[in-house]
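Novice: In the working numbering, the protein residues as written are 2 to 265.
Derived from the structure by calculation, the hints contain no laboratory data.
No residue lacks a Cβ here, since even glycine has one placed at the ideal position from N, Cα and C.
Honestly, I wouldn't trust all of these hints.
Beta-carbon label-pair distances, calculated as ranges [what the hints assert, rightly or not]:
| # | residue 1 | residue 2 | range |
| --- | --- | --- | --- |
| 1 | 81 | 175 | 34 to 44 Å |
| 2 | 47 | 254 | 11 to 21 Å |
| 3 | 251 | 60 | 17 to 27 Å |
| 4 | 247 | 49 | 25 to 35 Å |
| 5 | 65 | 205 | 16 to 26 Å |
| 6 | 254 | 220 | 52 to 62 Å |
| 7 | 206 | 110 | 33 to 43 Å |
| 8 | 89 | 165 | 26 to 36 Å |
| 9 | 239 | 165 | 39 to 49 Å |
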Amino acid sequence: MGRSRWFAPFVVLLVLLVGFGIGSGVYVWRLRQAPDSTAIANPTLTRASALYSEPRADSSPVDQLTAGTPLQLIGRTQNSDWLYGSPSDRPALAGWLPIDAVRDAGNLTGLARVDSSAGGIRSTQAGGEPSRPGPRPDLALKSVGSRQDRLSVLVANAGGADFAGTIVVSVNGGPQTRIDVGKPLRPGEALDAVLNTEYVQRRAKIVVLVTSPDVTESGLENNRLEVVVGPDQPINLAIEAATVDPATGRLNVDLRNRGPIPLV
Numbered sequence: 002m003g004r005s006r007w008f009a010p011f012v013v014l015l016v017l018l019v020g021f022g023i024g025s026g027v028y029v030w031r032l033r034q035a036p037d038s039t040a041i042a043n044p045t046l047t048r049a050s051a052l053y054s055e056p057r058a059d060s061s062p063v064d065q066l067t068a069g070t071p072l073q074l075i076g077r078t079q080n081s082d083w084l085y086g087s088p089s090d091r092p093a094l095a096g097w098l099p100i101d102a103v104r105d106a107g108n109l110t111g112l113a114r115v116d117s118s119a120g121g122i123r124s125t126q127a128g129g130e131p132s133r134p135g136p137r138p139d140l141a142l143k144s145v146g147s148r149q150d151r152l153s154v155l156v157a158n159a160g161g162a163d164f165a166g167t168i169v170v171s172v173n174g175g176p177q178t179r180i181d182v183g184k185p186l187r188p189g190e191a192l193d194a195v196l197n198t199e200y201v202q203r204r205a206k207i208v209v210l211v212t213s214p215d216v217t218e219s220g221l222e223n224n225r226l227e228v229v230v231g232p233d234q235p236i237n238l239a240i241e242a243a244t245v246d247p248a249t250g251r252l253n254v255d256l257r258n259r260g261p262i263p264l265v
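Please put together the full structure from these sequences, using the hints given.
Specialist: Here is the structure:
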């Protein structure tokens, strides 16, 4: 009988403590696992759509994507009616998609606003409060792709300070190409640049590096991408003329390259 006087309350107290501990554990786990409200949550294509080279329906398609394709979103236009991104399994293939073709795009204010112009470079302020992980700027190579069979890159400032310096890009350790626009790249802004001298003639794996010779960044781990890139436009050879040499009987053919880049 003596044991029953304290044993029952002890069991009740133990159950309460265990229950509270389990509840607290679940609560803490949920706090730690809860997704950021600004994160992009599993964006996919609602329908089949072309991946466009520019945020216009009349621009040349980079590729054709099927409905349900998982996406990695990188940027958006000023009014967010076009999204810049790539298929999750092919990060080197980047282009524009209309907003109505994307499901579960999430909160778009965390995406850099990109003003993309063919053959040119633009930069615009990202919407919302930019992320400020530190007092230094931080170049981030977001994507590498092909536009009109020339290499294109999207470079963002992921740091907490203006990037006021030279930005250069190199491919496979080759010559550096300057892409900055001569004005500060603010936190959250992005540069969309086409490297007019870097031709994409065949599908190949390349290493692209973005650096600055005169600015110290907060980190360099996001300055390099090793990706597979292929041409977005087919080789276009046309037969201009074909004649037979009467003396030798040989067939002489004149070919013209009607593609966007020289064949080297």
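Novice: That 33 to 43 Å hint for residue 206 and residue 110 (C-beta), does it hold up?
Specialist: Because 34 Å falls inside the window, the suggested range holds.
Novice: At the C-beta level, are residue 251 and residue 60 separated by a distance inside 17 to 27 Å?
Specialist: violated (43 Å)
Novice: Is 16 to 26 Å respected by the C-beta to C-beta distance linking residue 65 and residue 205?
Specialist: Since the Cβ atoms of residue 65 and residue 205 sit about 22 Å apart, the hinted range of 16 to 26 Å holds.
Novice: Could you tell me whether the CB distance from residue 81 to residue 175 stays inside 34 to 44 Å?
Specialist: Holds: the Cβ-Cβ distance is about 36 Å, inside 34 to 44 Å.
Novice: Please check whether residue 254 and residue 220 have a Cβ separation lying inside 52 to 62 Å.
Specialist: Once the Cβ atoms are compared, 55 Å apart, the range 52 to 62 Å for residue 220 and residue 254 holds.
Novice: Taking the beta carbons of residue 247 and residue 49, is their distance inside 25 to 35 Å?
Specialist: Violated - the Cβ-Cβ distance for residue 247 and residue 49, about 54 Å, lies outside 25 to 35 Å.
Novice: Look at the Cβ atoms of residue 239 and residue 165 and judge whether their distance stays inside 39 to 49 Å.
Specialist: Given range 39 to 49 Å: holds, Cβ gap about 48 Å.
Novice: Given the range 11 to 21 Å, decide if the beta-carbon distance of residue 47 to residue 254 lies inside it.
Specialist: The hinted range 11 to 21 Å is violated for residue 47 and residue 254, with Cβ atoms some 48 Å apart.
Novice: Is it true that the C-beta distance of residue 89 to residue 165 lies inside 26 to 36 Å, as the hint says?
Specialist: Because 34 Å falls inside the window, the suggested range holds.
In summary, the numbered hints that this structure violates are 2, 3, 4.
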